[in-house]
Amino acid sequence: MAFPFDILHSEIIRTALEGEKDRCEAKEQFGTIIENLNGPADIDKYDGLVRKAFLHANAETKLETIGYRVGRQLVEKVSKEAPKLVTELEIVKFICKDFWSSVFGKQVDNLRTNHQGVYVVQDGRFTTLRTFPEGDQYVKESGYFLAFPCGLLRGALAGLNIRAVVTPTIESVPSVKFHIQIQAK
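No gaps in the numbering here: position 64 of the sequence shown is 339 in our numbering, and each next residue is one more.
Each hint should be verified, as a subset may be incorrect.
[What the hints assert, rightly or not] Below, simulated BS3-like cross-link-like pairs (lysine-lysine); rule was C-alpha separation at most 25 Å, straight line:
hint: 1; residue 1: 337; residue 2: 452
hint: 2; residue 1: 296; residue 2: 337
hint: 3; residue 1: 296; residue 2: 381
hint: 4; residue 1: 320; residue 2: 302
hint: 5; residue 1: 381; residue 2: 355
hint: 6; residue 1: 355; residue 2: 368
hint: 7; residue 1: 359; residue 2: 381
hint: 8; residue 1: 359; residue 2: 372
hint: 9; residue 1: 415; residue 2: 452
[Unchecked claim] Label-pair ranges, simulated between beta-carbon atoms:
hint: 10; residue 1: 311; residue 2: 388; range: 57 to 63 Å
hint: 11; residue 1: 458; residue 2: 309; range: 38 to 44 Å
hint: 12; residue 1: 389; residue 2: 300; range: 45 to 51 Å
hint: 13; residue 1: 358; residue 2: 385; range: 22 to 28 Å
None of these hints come from the bench; they were simulated from the model. Using N, Cα and C, we set each Cβ at its ideal position, and we do this for glycine too.
With the sequences and hints as input, model every part of the structure.
So this is what it looks like as structure tokens:
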């Protein structure tokens, strides 16, 4: 079985290459167009191309996307030996026990649900925040460190045929609550 880092590394390379290719193509296209412009007003017609060529998606979005891809691949490998997961609750429990253990080396500390498609997964010493000093002074900076795990969860759920929105909340580092809102199919 591939280790999570191997899958992560492959996805980082793939994502970087795809992004670089798209940006290079857009820059070439923009270079051709700019030679034929009649004036600065004409550039407004190509606003989307300019954005693609010169602006980049924010880091959190990229990290979440990579996490999603890794989560889909990893859940496929982790769930091969698992019994058939039928209900939504069985799938979320599988994510909290088996999947979480294979990725983070331990099960979640707490799982709560309202039985209406909302789940709260709590980890009191979350792996990516363990190096942060305890307290609430680093809550803002923690977003980048939680984007990948949110994508990982969303991807794992998608790999088990559940569409969901995953958002983290932190009251005090390193404790994290992941809110999973199941989306209609």
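Now for the hints, and whether the structure bears them out:
{"no.": "1", "hint": "337 x 452", "result": "holds (21 Å)"}
{"no.": "2", "hint": "296 x 337", "result": "holds (15 Å)"}
{"no.": "3", "hint": "296 x 381", "result": "violated (38 Å)"}
{"no.": "4", "hint": "320 x 302", "result": "holds (15 Å)"}
{"no.": "5", "hint": "381 x 355", "result": "holds (19 Å)"}
{"no.": "6", "hint": "355 x 368", "result": "holds (16 Å)"}
{"no.": "7", "hint": "359 x 381", "result": "holds (22 Å)"}
{"no.": "8", "hint": "359 x 372", "result": "holds (15 Å)"}
{"no.": "9", "hint": "415 x 452", "result": "holds (15 Å)"}
{"no.": "10", "hint": "311 x 388: 57 to 63 Å", "result": "holds (58 Å)"}
{"no.": "11", "hint": "458 x 309: 38 to 44 Å", "result": "holds (42 Å)"}
{"no.": "12", "hint": "389 x 300: 45 to 51 Å", "result": "holds (46 Å)"}
{"no.": "13", "hint": "358 x 385: 22 to 28 Å", "result": "holds (24 Å)"}
Of the numbered hints listed earlier, the single one contradicted by the structure is hint 3.
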